[in-house]
Amino acid sequence: MLTEYWPILLFIGVATGLGLVLLAIGLLAGPRRPESEKLSPYECGFEAFEDARMRFDVRYYLLAILFIIFDLEIAFLFPWAVVFKQIGLVALVEMALFLLLLVIGFAYVWKKGALEWE
Amino acid sequence: MGAQLFNQLLLPILYILCIAVPVIIAVAMFVYWERKVIGWMHVRMGPNKIGPLGLLQAFADVAKLLFKEVILPTSANKFLYYLAPLLALVPAFAAWAVIPFGDKLVLANVNAGLLYLLAMTSLGVYGIILAGWASNSRYALLGAMRSAAQVISYELAMGLCLVCVLVLAGSLNLTDIVHAQAGGKGFFSWFWLPLLPVFVIYFISGVAETNRAPFDVAEGESEIVAGFHVEYSGSAFAIFFLAEYANMILVSFLASVLFLGGWLSPLQGWIHADAPGWINWIWTGGFIWLFIKAFVFAFMFLWFRASFPRYRYDQIMRLGWKVFIPIAIVWVLVAGCMKYYGVVSIGTGG
Numbered sequence: 001m002l003t004e005y006w007p008i009l010l011f012i013g014v015a016t017g018l019g020l021v022l023l024a025i026g027l028l029a030g031p032r033r034p035e036s037e038k039l040s041p042y043e044c045g046f047e048a049f050e051d052a053r054m055r056f057d058v059r060y061y062l063l064a065i066l067f068i069i070f071d072l073e074i075a076f077l078f079p080w081a082v083v084f085k086q087i088g089l090v091a092l093v094e095m096a097l098f099l100l101l102l103v104i105g106f107a108y109v110w111k112k113g114a115l116e117w118e
Numbered sequence: 001m002g003a004q005l006f007n008q009l010l011l012p013i014l015y016i017l018c019i020a021v022p023v024i025i026a027v028a029m030f031v032y033w034e035r036k037v038i039g040w041m042h043v044r045m046g047p048n049k050i051g052p053l054g055l056l057q058a059f060a061d062v063a064k065l066l067f068k069e070v071i072l073p074t075s076a077n078k079f080l081y082y083l084a085p086l087l088a089l090v091p092a093f094a095a096w097a098v099i100p101f102g103d104k105l106v107l108a109n110v111n112a113g114l115l116y117l118l119a120m121t122s123l124g125v126y127g128i129i130l131a132g133w134a135s136n137s138r139y140a141l142l143g144a145m146r147s148a149a150q151v152i153s154y155e156l157a158m159g160l161c162l163v164c165v166l167v168l169a170g171s172l173n174l175t176d177i178v179h180a181q182a183g184g185k186g187f188f189s190w191f192w193l194p195l196l197p198v199f200v201i202y203f204i205s206g207v208a209e210t211n212r213a214p215f216d217v218a219e220g221e222s223e224i225v226a227g228f229h230v231e232y233s234g235s236a237f238a239i240f241f242l243a244e245y246a247n248m249i250l251v252s253f254l255a256s257v258l259f260l261g262g263w264l265s266p267l268q269g270w271i272h273a274d275a276p277g278w279i280n281w282i283w284t285g286g287f288i289w290l291f292i293k294a295f296v297f298a299f300m301f302l303w304f305r306a307s308f309p310r311y312r313y314d315q316i317m318r319l320g321w322k323v324f325i326p327i328a329i330v331w332v333l334v335a336g337c338m339k340y341y342g343v344v345s346i347g348t349g350g
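Chains W and P, in that order, are what the protein sequence lines are.
For reference, each letter of the first sequence is one residue, going 1 to 118 in our numbering.
For reference, each letter of the second sequence is one residue, going 1 to 350 in our numbering.
One or more hints might be untrue.
Just the calculated beta-carbon pair ranges, DEER-fashion [claimed, not checked]:
no.: 1; chain 1: W; residue 1: 112; chain 2: P; residue 2: 288; range: 48 to 58 Å
no.: 2; chain 1: W; residue 1: 90; chain 2: P; residue 2: 39; range: 49 to 59 Å
no.: 3; chain 1: W; residue 1: 104; chain 2: P; residue 2: 292; range: 40 to 50 Å
no.: 4; chain 1: P; residue 1: 126; chain 2: W; residue 2: 27; range: 15 to 25 Å
no.: 5; chain 1: W; residue 1: 32; chain 2: P; residue 2: 326; range: 44 to 54 Å
no.: 6; chain 1: W; residue 1: 16; chain 2: P; residue 2: 38; range: 47 to 57 Å
no.: 7; chain 1: W; residue 1: 110; chain 2: P; residue 2: 304; range: 25 to 35 Å
Calculated from the structure, these hints are not laboratory results.
Every residue, glycine too, gets a C-beta built ideally from N, C-alpha and C.
Kindly produce the complete structure, drawing on both the sequences and the hints.
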């Protein structure tokens with residue numbers, strides 16, 4: 001059964017090879033004329049006056065955490081969906097409860113304003 | 001030994017090239033088609049100088065890009081800077097391994113096909129965020145943050161849509177998912193009908209996930225120039241470009257496979273005709289149907305771009321979190337009920 005996955009691994013290898021070849025062509029065939037102005041970060045003509053790795057809005061961080069939580073819950077739904085037919089009514093009721101809990105959490109996040117962007 | 005090497009290594013690689021090379025050519029033709037279609041919608045000609053009807057325009061662009069300088073900004077992190085385009089490209093191509101083009105026409109008929117696809121499409125975000133961070137440029141970092149936040153938000157809606165498909169089909173195998181749509185009523189036994197809201201959400205999320213107009217704030221030209229790949233040039237930029245377009249075509253194929261019956265014919269089950277083999281695919285189904293369906297979706301990407309003004313960033317996030325996710329959650333339950341009460345007839349054979 002695992003042999004089915006072998007072509008996938010090969011495909012990943014081929015795709016990596018394709019990317020490397022394209023990069024190599026660009027690096028080898030393209031000209032290379034470095035110049036301090038050209039190599040400075042693009043800021044629409046302004047001098048880049050400090051490191052660009054600045055602080056960013058904490059909402060991105062919050063969003064990432066919310067994403068992990070909800071994505072995990074979706075991952076829980078996958079095995080349920082596959083065996084749904086075998087388990088029948090119990091699966092339906094259980095999933096309704098699970099989704100209810102999920103919705104309560106979602107409503108809390110919504111109410112707290114974590115989803116607001118302005 | 002020689003035969004084993006051939007069977008286990010060279011033959012699969014040959015098959016892989018049979019998928020990867022057409023994908024690359026499809027990307028080139030898609031870029032040409034995009035410029036042509038948007039040209040027509042703007043009442044312009046579009047590219048028409050290079051080759052007959054301008055057909056070779058995209059190839060000329062690729063050749064030009066490959067021979068341009070690849071700039072490495074002084075403050076950039078060299079290793080990550082070159083790694084990022086690869087991380088964007090590899091998942092966009094590797095995902096094609098599990099797409100079923102026909103009944104037996106699939107490279108890797110794996111049990112966990114849908115899960116693999118979800119994993120691969122999620123990996124694309126690493127390329128975006130690494131590119132933005134490694135460039136060490138403000139525009140790039142801002143674009144990467146916006147882009148990554150948008151992609152992961154729509155990823156959730158997309159994941160829930162996949163769960164709905166899964167409930168009805170009862171299998172993670174993409175070939176089985178297509179077979180499950182062969183309900184004998186042709187066009188009307190495909191999953192788009194019972195899952196209509198989810199189908200719409202899936203495709204719109206696909207557009208947002210690939211950062212395409214009208215969700216292209218990440219590269220909003222008038223705000224943050226080009227977003228995460230602003231510092232990339234030459235072939236490194238070409239790789240990002242290739243990945244983005246390969247992803248668009250992938251989403252088109254996926255929407256066709258999951259909701260529009262893949263290679264199945266819309267007439268399947270309606271007409272029982274004895275026809276010669278070469279024309280039989282019209283009602284029994286064949287990869288040409290999949291290509292037609294995918295082409296329609298791919299065209300819609302371009303149509304959207306020409307028709308809709310760009311969304312504001314807060315509007316995008318609101319649409320993803322406050323509209324799509326609630327509807328998709330509700331529809332997971334609806335799909336469960338439909339399956340339990342047997343409302344949807346699920347086919348078993350192609």
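Against the earlier hints, flag every one the structure doesn't satisfy and list their numbers going up.
Failing hint: just 6.
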